[in-house]
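Protein chains in written order, with the numbering used here: chain A, 1 to 547; chain B, 548 to 712.
Bear in mind the hints are in silico, worked out from the structure with no lab data behind them.
Note that this is a predicted model, so its numbers are computed, not measured.
Please note: incorrect hints may appear among the correct ones.
Computed cross-link-like contacts, DSS-like style, restricted to lysine-lysine with a CA-CA straight-line distance of at most 25 Å [what the hints assert, rightly or not]:
(1) 281/A x 665/B
(2) 517/A x 529/A
(3) 629/B x 284/A
(4) 442/A x 426/A
(5) 506/A x 524/A
(6) 517/A x 506/A
(7) 517/A x 629/B
(8) 2/A x 665/B
(9) 629/B x 518/A
(10) 529/A x 518/A
(11) 506/A x 518/A
(12) 424/A x 442/A
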Amino acid sequence: MKRLLEFLESRASVTSLWRAFADEAVPVRGAWLYTLGSAALVALLVQFASGFALALAYAPTPDHAWESVRAIQTRLPAGALVRGLHHWGASAMVLFVALHMARTFFFGAYRRPRELNWLVGLALLLLVLGFGFTGYLLPWDQKAYWATVVGTKVPAALPVVGAAASRLMAGGPVVGAATLTRFYALHVVLLPLLTFAFVGVHLLLMRKHAHAGPTDGPDPREPFFPYQAARDGAVGLTLVLALFWLAARHPAPLERLADPTDTSYVPRPEWYFLPLFQLLKFFKGPLEPVGTAVLPGVSILLLALVPWLDRGASRRPRDRRLVLAAGGAGAALLLGLLYFGNLDSPKGSSSGLDPASQPPPDARLLGGLASYERRGCASCHGMDGRPAPAPSPGAGAAAGGAALLPLAARSHTLTGDAATLHVKEKSVKAPAEDEDGENPNKDIPSLLAYVEALGKDGARFSALPQPIRAGGAVIDREDCRQCHQLYGEGGRRGPVLAHLLGKRDKDWLVAHFKEPKKLVEGSKMPSFKFLSDAELSAMSDYLLAMP
Amino acid sequence: MATRRTFTLAALGTAVAAASSVSGAVVAFVLGPLRRRAPQEHVLLDAGPAAAFEALRAGAAAPEEILVERTVEDGYMTRRVKERFAIVHDGRAASGLAALVTTCSHLGCGVSWDAGRKAFLCPCHGGVYGPDGAVVAGPPPRSLTRLPLVVTGGRVQIDTSALDA
């Protein structure tokens, strides 16, 4: 060990670098306030790690972005956790960068010779907001789409350069495929590179000029390691634990697929853009650029100029009343806008996965589930393919109670005819013959498909809302696939059953099931009046929930 | 007369030239979307049978929102998208009708007709437009974009040549 360290020291000065890093004298007073920057750094590392993981499974095209995010959220192992970390980590970044900046402002630590590092910090704040803005679009859900429509239009009202700036951001006249690739490239290539470069410069400059320390009075110092390192570590660890807790308890939201024709959607941005969004409501007509560009631009410029506007010798708060009052007023304005923006926001659906974005499984599987229940398969195999651990002797079917789960995973020990025969013979309750004299066993293919799917994501089926389960079963039983494609399979006489949400509503669908010809001229679809209203309503629910 | 100074200048110049040609190519690529496509010649979109809009033509009905399929250039692909228009009464047009693009002139959110308030409302920043698409209240700087309509062969058709300009 000692020799390894000696080797590293002689070849790479590792030990001396560590000593220089660890022995830096840092202020004792206000030490906990100095952990805010480290917390931002921890959040950045969380973002980098979780972002890398997300990029592995994400596809930046309008046709696949939402699907791929939904797969991350619902199907991939640890996907919801990683996306939750990234989602909450983004808020943590903004929060800690802002708090760190407020602390620096209050301490007047931007004063000579640290002006340059204040500017680097400001650039980092803008980079973080850039991450937020570009990252937001990537899931391509309703919120993503509409927030970006507004965001790319914000510069459009500027004189002369407005239209061009807006076009460059969107990559074309409207938000679409080119916007998504542009934002993706910025989010995963350019912004991370710039951020790491600026963070490096920020830390080097911080060490070059050392900490400014408290604003007045004695300034005792202690080595960074282990005292401040322990505080930074404690705060960083708490932050990571908090992010895990948030990711687990409040999953990152995913709304419905972006729908440019849906004018009923009320878009609201993420909290850190809410003040800007609220500001845009106050400036009308020709004054619009005041809200979109002048005020934000002037605020950023003022922040940048702070080290040159406040140049006195003393950093004591009582000698900097004007500066602190101005800063306080700015912060109060921002918080006020945030508060009122939040009041105006529609309630509900603020976190968690929008139920409408959970895709129902193929109707065939739900038909299979219904016949699994109807035929009493559960009495031997258990509700979800796992037989009860110790079947009572009275159950009478202990011998046949094979666990379906490993069976399905072993990819059918029983296949084809043998499986069909098994179902016919062992069904506790053979289905009664249909009134129309239809084959009473026509449900068996669906049943077998269901059993096979049980092995893969069985748990999902029992968690489905009842109308979705019932609706899928009816669609399977009535064999809508004869004429319609569902999940890419089925006849071509009728239109494909997909993406109905936003195009049709439930009333229309129910009325259409009853009298197709009344609503669609020249329709060849037969009437389904004979189904109960509950069944028709459930079918509509199922269809509207489909991707 | 090769001196250290000339070598340094030459080396620096070469490096700058190489770097700027690479950046030039990248910048040209990034600025690509600024180039506008030639506006399409009259593209007529079918909005339905003229009979369906009789009451509206007479000015006796509220604006009607319709969804029409249209082919658009979307970045690297061409695809069919649904687009929402509002068909409104227009006394001055020969057809008696006009089509409004339901995109708010403020920041591009989608407006929709509110039968109660008899106005088009924007859900984002509270813009309000009258039945003819003119701004009534809120931040929008311009009225809703109006597209000409023609009625031919008993069908209402929207002239979309002004879109995507």
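We went through each hint and held it up to the structure:
Proximity of residue 281/A to residue 665/B is assessed by CA-CA distance (about 22 Å); at most 25 Å being required, the pair is judged to hold. With a C-alpha separation of about 12 Å, the suggested pair residue 517/A and residue 529/A falls inside the 25 Å cut-off, and the hint holds. For the given pair, residue 629/B sits about 30 Å from residue 284/A by alpha-carbon distance, which is inconsistent with the 25 Å threshold. Among the hinted pairs, residue 442/A with residue 426/A is consistent with the structure: their alpha-carbon atoms are about 16 Å apart, no more than 25 Å.
Pair hint residue 506/A plus residue 524/A holds up; C-alpha atoms about 21 Å apart against a cutoff of 25 Å. A C-alpha spacing of about 17 Å is found between residue 517/A and residue 506/A, which places the hinted pair at or below 25 Å, so the restraint holds. For the hint pairing residue 517/A with residue 629/B, the CA-to-CA distance comes to about 23 Å; that is within 25 Å, so the pair holds. Simply put, residue 2/A and residue 665/B have alpha-carbon atoms about 83 Å apart, too far for the 25 Å limit, and the pair is violated.
Proposed proximity of residue 629/B and residue 518/A is supported: the alpha carbons are some 23 Å apart, at most 25 Å. Between residue 529/A and residue 518/A the CA atoms are separated by roughly 13 Å; this keeps the pair inside 25 Å, and the hint holds. Proximity of residue 506/A to residue 518/A is assessed by CA-CA distance (about 16 Å); at most 25 Å being required, the pair is judged to hold. Between residue 424/A and residue 442/A the alpha-carbon distance is near 11 Å, which keeps this suggested pair within the 25 Å criterion.
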